[in-house]
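Novice: Chains A and B are the protein sequences, given in the same order.
Counting in my numbering, the first sequence runs from 1 upward without gaps.
Counting in my numbering, the second sequence runs from 1 upward without gaps.
Warning: the hint list may mix true and false statements.
Listed below are several chain A residues computed to face chain B (Cβ distance under 7 Å; list not exhaustive) [to be verified]:
hint: 1; residue: L61
hint: 2; residue: G62
hint: 3; residue: W64
hint: 4; residue: R65
hint: 5; residue: F74
hint: 6; residue: L76
hint: 7; residue: V79
hint: 8; residue: T83
hint: 9; residue: G87
hint: 10; residue: D97
hint: 11; residue: Q109
hint: 12; residue: Y110
hint: 13; residue: A113
hint: 14; residue: F114
hint: 15; residue: V296
No wet-lab data here; the hints were simulated from the structure.
Where a beta carbon is used, it is the ideal one built from N, C-alpha and C, also for glycine.
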Amino acid sequence: MREHEPLESASEIAVAVNHLSRSFGSRKALNDVSFTVPRGRVFGLVGENGAGKSTLIKHLLGLWRAETGTVRVFGLDPVAAPTTVLGRIGYLSEQPDLPGWMRVDELLQYLQAFYPRWDMDYAEALREQFGLDPAARIKTLSKGQQAKLGLLAAQAHRPELLLLDEPSSGLDPIVRRDILEAIIRTVTDEGHTVIFSSHLLDEIERVSDHLAMLHEGTLRLCAPLDEVKMRHRRLSLRFERPRTEPPRVRGAIAVSGAGRAWTVIGDAASIDRPAIARDGGSVLDDSPASLDEIFVAHTEASPATAGSHLRAVN
Amino acid sequence: MHSPTTALLWDIWRRHRLSVLVIVALTTLSWILDVAGLAPRDDDGGAPPLQQLMGMCSFLLLFGVFNYTESSGETGLGRFPQRLFTLPVSSFRLVAVPVLAGTISIVLLYLLWMKRLPQGGPTSDPFIALLLAALMVFYQAGLWTLVRLGPLRLVALGAVGAVVHAIGLLPSFPPSPPPPWRSEPALAGSMASLAVIVFLVAWHHIASLRSGGGQARLLGPLAGTVVGIPKKRRGFASAASAHFWFEWRCSGMALPLLVAGILLVIIGPASWIARSDPDGTLRLLSWTLATPIAVAIPVGMAFSRPRIGSDDLSLPAFVAVRPLSADDLVATKVKVAAMSAAISSLVVLAFLGVWLSSWANLDGVSRVASRLQALYHSRYAVYGIAALIVCSGFILTWRFLVSRLWSSLAGHQVLFIVSGVSIALAAISLAVFDVGEIVRWIVAEPWRMTSVIWIAALAVIVKCSLAAYAWHRIASRHFRRYIVAWLTGTACLVTLGVLVWKTMPLSGSSDVSQYQTLTILLALLAVPIARVGLAPAMLSRNRHR
Numbered sequence: 001m002r003e004h005e006p007l008e009s010a011s012e013i014a015v016a017v018n019h020l021s022r023s024f025g026s027r028k029a030l031n032d033v034s035f036t037v038p039r040g041r042v043f044g045l046v047g048e049n050g051a052g053k054s055t056l057i058k059h060l061l062g063l064w065r066a067e068t069g070t071v072r073v074f075g076l077d078p079v080a081a082p083t084t085v086l087g088r089i090g091y092l093s094e095q096p097d098l099p100g101w102m103r104v105d106e107l108l109q110y111l112q113a114f115y116p117r118w119d120m121d122y123a124e125a126l127r128e129q130f131g132l133d134p135a136a137r138i139k140t141l142s143k144g145q146q147a148k149l150g151l152l153a154a155q156a157h158r159p160e161l162l163l164l165d166e167p168s169s170g171l172d173p174i175v176r177r178d179i180l181e182a183i184i185r186t187v188t189d190e191g192h193t194v195i196f197s198s199h200l201l202d203e204i205e206r207v208s209d210h211l212a213m214l215h216e217g218t219l220r221l222c223a224p225l226d227e228v229k230m231r232h233r234r235l236s237l238r239f240e241r242p243r244t245e246p247p248r249v250r251g252a253i254a255v256s257g258a259g260r261a262w263t264v265i266g267d268a269a270s271i272d273r274p275a276i277a278r279d280g281g282s283v284l285d286d287s288p289a290s291l292d293e294i295f296v297a298h299t300e301a302s303p304a305t306a307g308s309h310l311r312a313v314n
Numbered sequence: 001m002h003s004p005t006t007a008l009l010w011d012i013w014r015r016h017r018l019s020v021l022v023i024v025a026l027t028t029l030s031w032i033l034d035v036a037g038l039a040p041r042d043d044d045g046g047a048p049p050l051q052q053l054m055g056m057c058s059f060l061l062l063f064g065v066f067n068y069t070e071s072s073g074e075t076g077l078g079r080f081p082q083r084l085f086t087l088p089v090s091s092f093r094l095v096a097v098p099v100l101a102g103t104i105s106i107v108l109l110y111l112l113w114m115k116r117l118p119q120g121g122p123t124s125d126p127f128i129a130l131l132l133a134a135l136m137v138f139y140q141a142g143l144w145t146l147v148r149l150g151p152l153r154l155v156a157l158g159a160v161g162a163v164v165h166a167i168g169l170l171p172s173f174p175p176s177p178p179p180p181w182r183s184e185p186a187l188a189g190s191m192a193s194l195a196v197i198v199f200l201v202a203w204h205h206i207a208s209l210r211s212g213g214g215q216a217r218l219l220g221p222l223a224g225t226v227v228g229i230p231k232k233r234r235g236f237a238s239a240a241s242a243h244f245w246f247e248w249r250c251s252g253m254a255l256p257l258l259v260a261g262i263l264l265v266i267i268g269p270a271s272w273i274a275r276s277d278p279d280g281t282l283r284l285l286s287w288t289l290a291t292p293i294a295v296a297i298p299v300g301m302a303f304s305r306p307r308i309g310s311d312d313l314s315l316p317a318f319v320a321v322r323p324l325s326a327d328d329l330v331a332t333k334v335k336v337a338a339m340s341a342a343i344s345s346l347v348v349l350a351f352l353g354v355w356l357s358s359w360a361n362l363d364g365v366s367r368v369a370s371r372l373q374a375l376y377h378s379r380y381a382v383y384g385i386a387a388l389i390v391c392s393g394f395i396l397t398w399r400f401l402v403s404r405l406w407s408s409l410a411g412h413q414v415l416f417i418v419s420g421v422s423i424a425l426a427a428i429s430l431a432v433f434d435v436g437e438i439v440r441w442i443v444a445e446p447w448r449m450t451s452v453i454w455i456a457a458l459a460v461i462v463k464c465s466l467a468a469y470a471w472h473r474i475a476s477r478h479f480r481r482y483i484v485a486w487l488t489g490t491a492c493l494v495t496l497g498v499l500v501w502k503t504m505p506l507s508g509s510s511d512v513s514q515y516q517t518l519t520i521l522l523a524l525l526a527v528p529i530a531r532v533g534l535a536p537a538m539l540s541r542n543r544h545r
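The following block holds chain A by itself, in its conformation from the complex (with noise of 0.2 Å):
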């Protein structure tokens, strides 16, 4: 998963993006972000509101065009060649923009016609599974049952790369469920790749095999998930006098606290514990940080200390 990686050949790879820049106005929604996924992972996309995730995924997709950098999807650049890349990719938004005047079984039959691998008995089992009405107009479905729709759209043709834009948002946790169940089987059942982006990091903990954080555009952690976790300590400091400000930890990703008593998230290879020290604290509990607490310490981290840290880690 890091950039660098070597891979036994180029076909394992799904996804290749490399220095992808692009920007809105004056906003850079992604900036000089690099990276591959190889097949048969679930890569976990994670990052606040406007971090650059959907963006990412369109530039995947195609629908966007990378100004800067390159994208390769199965070795293809999705703009170039939109109609195989597209072919292989199933795709599932937060909101899947489906056409409400359809019903279910004509929007299956008019998907199929795309699709040569469709699997309409795979189809229809989905459909069952879900609870849709086959003869049902799509704009008097739930919410829920628009995003089970969706997902069965994304999946019926038995794609090689299935695209998950915040799927579960705002979605009941049967759905989530259903959502996660259906990663979990593309995976297990068929070997192929997922990329998934996700505000629920709970989600992205149970099925993710890699991870990687967006923060304003920028890449700032991408590694495989168990490696993440293992290489965060949250340190639970306190000092001997009261402190005004935080205390300067090398390796730090993010301090907080107050007075005495202070937290630090970072790095386990390159915090200075004799530092601390010196300084007059003591570590009072040294333990793995949860995947939220390196969710928020990498979001609330400078760009330069974060920067340094994803150095470290790849």
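Dock chain B against chain A, hints included.
Specialist: Leaving out everything else, chain B in the frame of chain A:
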């Protein structure tokens, strides 16, 4: 903002400030022209055509400003802005603010323009102002309450406009003074009462919608004919056929339904009124044949968008992520346009079949047919010309549906507006300026005619060059099919043009060969090839932003 009313008014201003500024600019410019003496009146005291054009644009823009609807991304059909339902404001105020603002604005605009616009008779200014205010109420109420009719709302509102116009003319019909029921005070009272009733209906409808009431109660059965198209039960043979079905369901029926509506609501009754008038029948026949072409101009503006009727020009993600090339997506649009134009032509033919065989006075038509038969010494020539007229109508209808694909599919708001405004201005200019006068001016001097021919020839060269550039990247199978269609359409128009010019009495000092040359050049320009060729590249820019 201290009150909800101010906020609602600000909302209208904020969304349409450009249109409002244009109205103010046009009105001011017209006033300056008057003051500076640059707009001399004609013998009847009417303003020059340019000033009339400015006035018509101002009123059309004002109706646009008070088109108090918002389209949902899904259906693309404008409806009362439902986001306002969550505001702590009564339904009465939500409805009354735009209606009152609209009526007051149109009356004020009329007061500013009344001395510069032709009135078409001795109708008094207050009566016209009241009719315009009532029309604004009907217009807004129609937009809100007839949502389920979709594009047919335009037909309904057009018919309402025609009726209001006719009511405005009633007091001027003989005898003078008119009987009491046709007097201005009686008609004004009736229209004011009707406007109040329509306003109350609209208020009730919006209040019902706001409290979760359905929309199907109003015109439910008729609406069913618009949306109740049979379900697709079987699979599709190919991706192209699936997408054709999708495009057809989204936008294909708009033109045939509008044409059918106009024929039923306007031409049908008019043909009954003119059933004993041979010249009136001939005139109505030409209007009937021109109806699909005229309707295709505004429908084409909506049809050529990525999502019909929606303000959003970006390609919907549902379509953009399908594995179909930009060439195929545009080819589908072109085919749907052809099907739409063909069905519209069939609707016209069916109407003509019923009308001409039943209550029409065919003396005028027979006179023209006899003249043609005498000229060509064969009645088959008459049938041939009739068939060519129908085919040319189909080609021109289709042409207006597809000619803006290149600018609309680009997803570029400025390009879309500029091309739309240019067409609207051209259409209004045709209505305002005396085209016959311009043609007579051109043919009066041979050098003018020659100049026009040279300009047309240059335009053909530019068109062919652009077409060669545009089509070189498009799949050859699409090019082969389109070039056959283009050649067929152009040949049809050229043949018709040459045959028709032969029957026309020539005026001026130009000879028939000049007319025929110009006809051929105009026919070559009429059927789009460069613009259609540019459409896939523009769509691709929209798809891959």
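Novice: Taking the hints in turn, state whether each one holds.
Specialist: The hints, checked one at a time:
Checking L61(A) against chain B: minimum C-beta separation of about 6 Å stays under 7 Å; hint holds. Here the hint on G62(A) is kept, as its CB sits about 6 Å from the closest CB of chain B, short of 7 Å. The criterion of a C-beta within 7 Å of any C-beta in chain B is met by W64(A), whose closest approach is roughly 5 Å, and the hint holds. For R65(A), the interface hint holds, the least distance from its beta-carbon to any beta-carbon of chain B being 5 Å, beneath 7 Å.
Checking F74(A) against chain B by beta carbon gives a least distance of about 13 Å; that is not within 7 Å, so the hint is violated. Interface restraint check for L76(A): the shortest CB-CB distance to chain B comes to about 12 Å, outside 7 Å, so the restraint is violated. Hint on V79(A) holds. Least Cβ distance to chain B is approximately 4 Å, under the 7 Å limit. With a cut of 7 Å, the hint placing T83(A) at the interface with chain B holds, because the nearest CB-to-CB distance is about 5 Å.
Of the supplied interface hints, the one on G87(A) holds, with its beta-carbon coming within about 4 Å of a beta-carbon of chain B, less than 7 Å. Using the Cβ-Cβ criterion of 7 Å, the hint placing D97(A) at the interface with chain B is satisfied: the shortest such distance is roughly 5 Å. Interface restraint check for Q109(A): the shortest CB-CB distance to chain B comes to about 5 Å, inside 7 Å, so the restraint holds. Using the Cβ-Cβ criterion of 7 Å, the hint placing Y110(A) at the interface with chain B is satisfied: the shortest such distance is roughly 5 Å.
The criterion of a C-beta within 7 Å of any C-beta in chain B is met by A113(A), whose closest approach is roughly 3 Å, and the hint holds. Hint on F114(A) holds. Least Cβ distance to chain B is approximately 5 Å, under the 7 Å limit. The interface hint given for V296(A) is broken, as the beta carbon of that residue sits about 31 Å from the closest beta carbon of chain B, more than 7 Å.
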